Every structure is written in structure tokens, then in C-alpha cells.
Amino acid sequence: MANRFPSPFDIETPEGAEGWQEMYIYSSLFSENRREFEDSMFWFQDGVHWPNVMTPWDATFFEYALASLSQYNSRHLQVPPADGIAFRILNGYGYLSPVPADPAKIEERVANFTDRAGHYFMNWDDLYSNWMVKIRDLVGELEAIEFAALPDVEDAERVVKSGAGVGSGYQIQENYVRLTSLALKLWNYHFEFLNLGYAAYLDFFMFCKTVFPSIADQSIAKMVAGVDVDLFRPDDELKRLARKAVDSGVAEAFSAGDVDATCEILKSSADGQAWIASFEESAEPWFNFSTGSGFYHRDKIWIENIEIPFEFIRSYIQNLKDGKDLNRPVEAIRVERDRIVNEYMGYLLTDEDRETFQGKLGLARTVFPYVENHNFYVEHWAHSVIWRKMRELGAIMVKEGFWSEPDDIFYLKRTEVEEMLWDYFVSWATPEAPAGPGYWPPIIADRRRKCAALAKWKPIPGLGVPPEVVTEPFTVMLWGITSDSVNAWLGGGDQIEGELRGMAASPGNVEGLARVIFSPEDISQIQEGEILVAPVTAPSWAPIFGKIQATVTDSGGMMSHAAIVCREYGLPAVTGTGFATAKIQTGMRIRVDGNNGVVTILD
Amino acid sequence: MSENIVWFEGYWKGLKGEVGGKGASLGEMTGAGLPVPPGFTLTCTAYRKSKEQSSLDEDIARLLYELDTDDTDMVSDRCKQIRAAFGEMAMADQVESDLREAYAELCRQSNSEDVPVAVRSSATSEDSPDASFAGEHDTFLWVKGADAVIDAVRKCWASLFTDRATCYRVKMGYEHRSVEMSVVIQKMVRPISAGVAFTLNPINGDRSQVCIDSAWGFGEAVVSGEVTPDNYLIDKVLMEIGQRKISIKEMEFSLSDHETVERAELDEERAKSPSLTDAQIRAIAVLAKAAEKHYACPQDIEWAVDADLDDGKNVVLLQARPETVWSKKTSSATGSVQSSGDFMASIVSTLMNPLHTKK
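Residue numbers (the working numbering), protein chains in the order written: chain A, 1 to 603; chain B, 1 to 359.
Zero decoy hints are in this set.
What follows is a list of derived Cβ distance ranges for each label pair:
hint	chain 1	residue 1	chain 2	residue 2	range
1	A	Q585	B	G31	53 to 59 Å
2	B	E9	A	S255	52 to 58 Å
3	B	Q243	A	R116	38 to 44 Å
4	A	G491	B	D267	33 to 39 Å
5	A	P6	B	Q243	33 to 39 Å
6	B	E9	A	D125	51 to 57 Å
7	A	D325	B	E9	34 to 40 Å
8	A	P6	B	M251	49 to 55 Å
9	A	D325	B	G10	39 to 45 Å
Derived from the structure by calculation, the hints contain no laboratory data.
From a predicted model like this one, the values you see are computed outputs, not experimental measurements.
A virtual CB, placed ideally from N, CA and C, is assigned to each residue, including glycine.
Can you make the complete structure from the sequences, with help from the hints?
And the structure:
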């Protein structure tokens, strides 16, 4: 067995993707300038959030997210053992490497962290409710950004006589800068609480592992997990709408075939119109929900693709007609959670242990709603708005002849969009023909080809020399990367033919037929009783979790969104298997052991 | 069922004097949901009624008249005669018919014509010192058929008059006629598989786990270490089977045709098959938890899957005793940073030493 992965400098460029580096900003690339550092580190591919090739503009969120995370660890909170996470793009895929803190500075960092993180823990409720205000304000600011084509002549009253001094040409550039600034701010907010939430969770986790050395990770997760979680709200809204359709007698409209026909029927009756009004009420904000991780412009968003929520609602209506109960058994979940906690309490030996257990569980439960809920507000809601605004800008530039599809804008780097708008502004101001319509189409066509060529490359899971043991807590929790999984990637460990090992993310043991899904568009192929096998799942796939028996993913840890949703829906899950989608094919009979994190191919 | 018979499941503590210590203990375990092999107790009343309608009390009085307890030959001879008299004594009609009926019921429950049972004397009351002497010849195993059971019961009754017990009563001035005895009749287990279980993980003392060792046939193979048993770890809280190690079990102790326990080699297929189904594993875990709860401390139990009982009811408890190794520890966390009240120190320590998170 090899003891290391190839150096990032030895990875070949896939055929047809030559020169791909020009699609990304220079600091996100491996380079000779930093070769010594880069070659000394262990890099893993982040398939949880970025399972696919990033187009040039899509790399924005990758860069904003990792930089924001890093600064909180290294500069704001001073997490004692961990600085930030270095990030690079290789062949279009994102690679990460946790940077350990300088051991000489640990003492100072402990003092700072105790003071700073301590403040957050002590004032969590106030700070968190303030966060909710901040994030809603931020989304409001994003919504308020309006891109408009530059006018022939500026408005006399609003622009000229008002004394504003600036007009549309300035505004469109400011709007774009504002959009990207707000996106960066969004990611700052995202990490304001996240690692603190994980830290408190980990502390409870470790205490449980000390007093109950054999406790399953998922038991700990179950004790902490919330019952009313915003991430499940979109699915709850679908169910509510399905019930409303049945109760108000408009359910038949959903047999009409397509969205237009359904809407036509609904509009023809007062009850139908009331239903549409109710749908619109749910849609903002809850259907700002991506079918993917939210990190790709291609991920579909429910509110912009009404056929997706309509299809889920149709299927829920069918369930209701079949006499199924759609309600999540919230009360039963609560009772079960209390039972689990009380039973563990009963196995503790001293009052002191019981008190500590309760204290840590209390803190974990205080901080955990953030961990569970932030995803909806950031990756789904705010990102949806950003993608929408970008597409509006892209559409304007189509009209101005810069390119042919609104989505072409995502083949520009975020810095290039500023250059492009400058070109647009200048040519409008002069006026003269813009350079862009001749400049961008060949570049966009070339980058589309490169991205397609890169998409054929299966990213290798690691680069460089892995540490002897993976101990960095966030790496283990979020990405599911452990010493075992690294060994498995290297082809070592005690691997058995036809067996895949990953994280035991949600308990239970089932056998069934696999359905391998690579893209959110394909999730409608899933049949009742199948086992979902995917590179990674998104929370918005929840409606199909009522159909499937179990979930297997290539990437993700105990706290990945797939794991959280599976536990909520009571489905066995094994995450972070590395190769499930490569080794399993649709129709194969497999066994999923969610207690031990083992997937067995039975055929 | 009658004043003569108390089924284990019909026991309540008001009947303790009627069923004796062993009968009470089995009744109590059954009542606590611990599935001990089924059975019943023939009460003290049954003993008394049988004795009353015979001339036994007079015979005993006659035989023990002016007994010299220092004369061992004399004691031995007289006691032997008393015990022989018990052997010839006819049971009261009602007692015998109740006993036959109860045995027939046990046979029905066990899907057997003449189910093998253990017949054991059960001392009448705790404060009677006879309790410690009643147990000398009081256990008869693999008793089959109603006639044999009746015979064994009479032998149990007779065991009140062992040499030692008799001398003791004479010395203490106790009345022989007031001494009473009940008899426990319990189904013998014919194990498909058997083994032991701990209500904690013996490797690390984790009390949230049940650890099961299991092999084919009688549990002796596991207890003696003659086979490497299958090993299962069950989470008590989620009742999920967290770990299963299936071993090659090359032999078993099984019941031969003439009902003796013999060693048998196993073919390869059976040797490598799991000795328990998932439902059985969970049933054993439920049983172990119930024993722990009932006795309020970690338990080390012996269990078996009985071939004669129906699925879902065939996991039985043979023995429960307190676990001794880990139970002495009072705390596994005290003294660590994680257990201190300083939550920031604990969080820092967690982040600095996250080795536990390694899977």
C-alpha cells in the first residue's frame, strides 16, 4: 500500500482542459512560488460541498467560504490548535488542507480563545437572535439590488436634477461590487457561530465517549438534535400545501400533467386561487431551496423551477390519498429524545457525572440550532438570491450582445465581471461599440469546453502526505475524514472485496436495490424502496426520503447535511465511503449497515 | 391455579410461605419480565395435605422416639426408614391430579409429550434453619413423564429427613411435624444456542452496552472456553447491534439420544454460521437489561435459546449474578478536565486532544 498520495504538482491535466488554470484567480492555484509549503501538506478534496467542477464565477463561494472560516479560527477566535484551512483549485475541483497553529503560540491562543469564545457561549442567545436579524437584513439588501440595462438618456428628475451626481453607469458597477461584498459578508456571518457550535458539540461528544466508550456517534447526535429545525421547514411546507390541496378539493389539478395546466385549473376556482396564494406565501422564503449544495449556479432552486415543488406536492397528495400520514411525528421524536437522554443518565455512576452530562448537553443544545439552521439561510436562501441577481445581470449582457446565454456570466471570474462592466460603462458613456461582444464569446466557449473536459476527470480524494492520524476535529466532523478513510483511499486498511466503509451516520440495517444518482435532476428516477447512492445529498432531497430505504454517499461526516436529514427521517445512512458511486451501479443489490458504517455489494 | 400449584407467573409475595425461597425467586423473576424457563411450584399445602391423609406423622414420631443424635448408625437407619415411608406414601388425590394437570400444561407449552423437567425442593421460609439442610438430595434433573415427576416430588419431600436435618431439629427442639416443604418443577432447557451476557462492555466498562457471547448447544462450551463464541455488542439505548464477530465454532455440547450432554463436532457450514438471529440477540439484550434493572446493578447472566419453546418466547434466563469487575468502579470520568465545571477549559481540552474522534 502506498503511504502517500501524488504531489499536486504531478497531477496531469485531463485531455482538452489544457490551460484550465486561467479560469481561476492566481492565489487559488498550486504554484511554484509556494511549492515547498504546498508539497509538505496533506490535501483532501471537498466532495461534501464541491463535488463537481467549479466554473470561474462559481469559485467565488469556495474562496469566500474557506477564507471566512479560516479567519475565524486564526484571527478572530484563535482556536488553540487550528489555524485556518488552506484551499486550492486543481483541475476545477476544490482541495483543502487544515493548517495547524504554531505550537509556540498555543498558550496565548488558549487565553484569547477562552475569553472570546467564552463570551459567545455566555451570550449565545442574544448574539444568535442578533444574527437572525443580521442575516435577514443582509438578504433584504441583496434583494434590493436591481440590475438594469443602461438607459439611452438618464432620467431628468431622479438622476440629474436630484443632485445625486451619479447615474446608471456608476450604479450598475456599484451594484455588482455590492453584490460580491454582501456575498463575502454573508460568509463572514456564516462562520461567526459555526465552529463554536461544533466545538460545544464536540465537547459533549467527547464527554459521552469518555463515560460511554462504545457509544455510537449517532446516539450523541440524537440527544442533541433539534426537533423544530428550519432546514426541514421547506419539506413541511410542501406537506402543508398537499394537505391544503386535498382539504380544499383542488388536488385533482395536480393530475393535469404539467405546471401550466395545473395552474390553469387552479386559477379557475376561488379555492384554487387561495391555494396559489398560500403557495406563494410558503415560497418566500422557504422555497429558496437548492436541489444541490447551493454552491453551483447550475443547482436548481425550487422557487425558480416550480415543477420541482409541484412534483413533490403531487406525490404527497398521492400519499394522502393512499391514507399515509405525512406528519413528522414531532411529539414522538421529542419523547424518544428524552428517553435516550434519561437512559444514558441512568447509566452514569455519580451525581457529578450526571451534572456534567446535563451541563454539556445543555450547552450543545443551545448552540446546535445554529449548526442545523444556518444552512437554509446562507447556502439556500441568500445564495438563491445571489444566483438570481447574477442571472439578471447575465441576461442584460445577452441583450447587449456580450454573449448568448444568461448563464455565460458564470464563465467569467468575479474580477472579470468588473472589467466587463467597465467595458459596458465606457462604451455607453462614449458612446462607441463595446469590446466585450468580440472578446467574451470565444473565451466563454473555450471555458465551457475546459469545464466539460475537467468534469470527466474523477478527482482523486487526496494529495500529498497524509498525517499519521487525522485529529483535526472539524475535518473529522464536517468532512468525515478519518485515518481509516484516508487509508482506504490509499488502498490499504483491511478492505474486503465488495465492501465499502464510511461513517456510521444514521442507524439501521437494510438490504435493497441501489439507485445511483449523480445529479439532482435525476432524483425523480428513484423508485419506492430503493437505496439512494450519491456523491453527496442535499437537504432539499428530503421529500424523496419518504420513498427510499437508506442512503450511501461518497463524502460527508456525522454532521454533514445528508447525515442530519437521514437521522431526522429515521433512515440508515453510511456517508464518506469515498467510492460508492464508482463501485455501485443502479440495480445492484446492496446491504447498508448504518450501525457500523459498512456497505456490502451482494451481487 | 389451586392451593396446591402456583405457576411462576401466578406468584405474588403473599405466597412466599407457600412456595419457599426458590419458588419465590423464580416467581419474582418471572413477574419482573425475566424469562426463566417455565414451571410451577407444588406448595407446602400440597405437602401438608398429602402427609395429613397418610400415617406419616405417626410413623415419624415413632421412628424418631428417643433418637440418640450421637449414634450415627441409629440416625442413619431411622432416617432411611422415614425417607422410604415418603416413597411409599400416596399423594392426596387432589394434589396428584393437580400436579398431573400442571405437568400436562407444561408439556403443552413446550410442544412435548413428556417434557423433561428439573424437580427441586424449595425451602419453606427464610428463618427456618432447615433451609440450609433441605438442599442435600433435593435436585432431580431430566425427569420425564408425570409418574416420574410424582416420584421425584416424594423424594424431595423425603429430603427433609436427611440425617443432618433431622439431628438439627432434634437438637434445637423443633417439631418434625411442623416442618414443611414446597417443590419446584421447572422445564429443562434444550438449547439451540446458549451463552453468557454482560450488561456492560467488559472491554471498557461502558454501561450503555450489552455484550453477548454465544455458541451452539449448551452454554458450557462458552463458559469453559472450549469454543471461541460469536460475540455481539448491543447498544442498550438504541437497541442496535453495534458489532458482531462470528467465529468458527468447531464443537458443541448437545443432548444425545439417551439424554446425556455430549460433545459433538460441527460441520463447517454450521461452525461458521451465526449462532443467533438478530431477533434473538435483541431478546437477550432486553433480558439482560431487565435483569440489571431488577437487581439494580450490572449483571453477568447465563441464557439459552430453548428448542422447545415458540419463537419470540424461547430466549430464557438460566442464571443472573452481579458483575464484579467494572461494578467496583464508581466513576470513569471524575478527575478529567471534561468533567470539571469549567466549560471553557473542557472545550479547549477537547479541541487540543481530539484523538477520540478518530474512528
